[in-house]
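Chains as they are written, first to last, in this note's numbering: chain A, 1 to 163; chain B, 1001 to 1121.
Worth flagging that the hints you see were computed from the coordinates, not collected in a lab. Possibly wrong hints are sitting among the right ones.
The calculated lysine-lysine pairs, modelled on DSSO-like cross-linking and capped at a C-alpha distance of 27 Å, are [claimed, not checked]:
#1 1041(B) to 41(A)
#2 145(A) to 128(A)
#3 1041(B) to 1073(B)
#4 1078(B) to 1044(B)
#5 40(A) to 1022(B)
#6 1022(B) to 1044(B)
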Amino acid sequence: MESPEKDAVTYSVHLPSDLEYIPPLRQFIAEVARVEGYSKKFCFRTEIIVDELVTNGILHGSQDVPSDIILSAKFESGQMHLSVQDQGGTRQNLENLKRAVYSPKPPSSDKKKGRGLVIVQMLSSELKIDLGENGNTQVHVIKTKDPEDSLGQREKLLYESDI
Amino acid sequence: MDTQIELQISELENVSHGKLIKFMGDLDATNVESTLDQVTKLIKEGFVQIVADFRNLRYVNSTGLGILLHFSKTAKEKNGCFKIANVNDNVYEIIEIIGANTLLDIYDSVEEAIASLAPRR
Chain A
1 MESPEKDAVT YSVHLPSDLE YIPPLRQFIA EVARVEGYSK KFCFRTEIIV
51 DELVTNGILH GSQDVPSDII LSAKFESGQM HLSVQDQGGT RQNLENLKRA
101 VYSPKPPSSD KKKGRGLVIV QMLSSELKID LGENGNTQVH VIKTKDPEDS
151 LGQREKLLYE SDI
Chain B
1001 MDTQIELQIS ELENVSHGKL IKFMGDLDAT NVESTLDQVT KLIKEGFVQI
1051 VADFRNLRYV NSTGLGILLH FSKTAKEKNG CFKIANVNDN VYEIIEIIGA
1101 NTLLDIYDSV EEAIASLAPR R
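Next comes chain B alone, as it looks inside the complex (with noise of 0.2 Å):
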């Protein structure tokens, strides 16, 4: 039985390219293979620009960074991007211990981070 973790995936008016995944429950070793295959899915169409809410994240281990460090890197690599918002203080402080702040575009807000996405042409 793998850890409730539910990802709600939505259009995102006026961005080309984009999507809004809410990530709900806790993303741990149990579910990140199930993650990993519905947002690499994503990308792989052409979905690049990417804002992840983390409003009901509840919980992240280190296995999760690690995918979410593949989503960024991946978005990248095909001029996209992965953005967070809503970030809880505990999740924040794992992700900073492994210096992933440094790596990963995080932000206070949804609305901020899709504002800091590129406008539909």
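Excised from the complex, chain A in its bound form (with noise of 0.2 Å):
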């Protein structure tokens, strides 16, 4: 017998546009992937898309504006659909997300920055880039589950023993 489905829950974080505080909410987010029953591999991925776009709206979307990242995550049937949002919204950021992840430049050892869109279009089911009413930068993403992203039982009867 299937066990009924849990309501999804929404977590919503508004943090300052400071870097210091990525390391704990990309693990917490991670985190709440490993309890939901997500797989350790999509518990990382998820951990690298977070980083790469709270990381993004801190450095190219909060540069003149001191302002509040948000963030939300939801995991709901199988999916993990995450938000993040920056205030400093404009035509040029936009089209600069835009550029950074349909045309993205070949790898080169010259640039330390550049890749983070990259990576989470590659690790993510959908990406959206949207400017909101507000004028702020929204970027969407789903994530659905593979099939090897499931927990397996045994990974659960270790996980469930360390608890």
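Make the complex out of the two chains shown on their own, each in a separate frame, by following the hints.
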């Protein structure tokens, strides 16, 4: 008998545009994924996605304005829905983000930055970049659980024995 | 508060201008600057044959990868190299996504990486 599906919980976090907040945030969202039954691989990829989107929002979306980054995450029906908003949205910022995703430059040793969204795109099922009603930049990601992303029975037992 | 990253640096026996660097922890935007400073200092001191042991590097993001590519380029410009060993699957996936596996010298073990270096004359 299948157990009834739990109501999805949306986690919403407002954080100052400061890189120091990213490690605990990304680890928290990855831990939520783990508790929701996603595999270690899925959780690691989630950690990277959160990191890259929030880093991007802080470095490029909040350059001129001391503002918050807003992240929301929901795990539902085998999918993670993630949304990151910054408040420095301009048409130029949006164009830059789209260029980074859809026209990435080839790998090079000369660039220290600018690859984060390419990684996010490769690890996600869907990636959408918008300007919100308030002029803020919004990045939405959906990541669908692959068959190998389900927590295996052995992994589940090991995890349960940890708690 | 930075994410924990620790670099343990030691001599490479029988290798001129060689150093072994063990990366331990997470390499991300909060600690790239300190990592950059430490490794750049070594390269400036003439240690240009470097093997980086990633056995205990749990995590790297795109910013961290950017400085690894920078180390490789800088060492090569000085007729040296920056070789990486013991990369875990998660970190390798990120390296591969941005195509950095074609730019970095990656080995299965520290021993293999050291064996590929020019011996001390």
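Taking the hints in turn, this is what the structure says about them:
1. 1041(B) to 41(A): Violated: residue 1041(B) and residue 41(A) sit about 35 Å apart, past 27 Å.
2. 145(A) to 128(A): holds (18 Å)
3. 1041(B) to 1073(B): Satisfied, since the Cα-Cα distance of roughly 15 Å is no more than 27 Å.
4. 1078(B) to 1044(B): holds (9 Å)
5. 40(A) to 1022(B): Status holds; Cα separation ~24 Å.
6. 1022(B) to 1044(B): holds (19 Å)
Of the hints listed earlier, the one the structure fails to meet is number 1.
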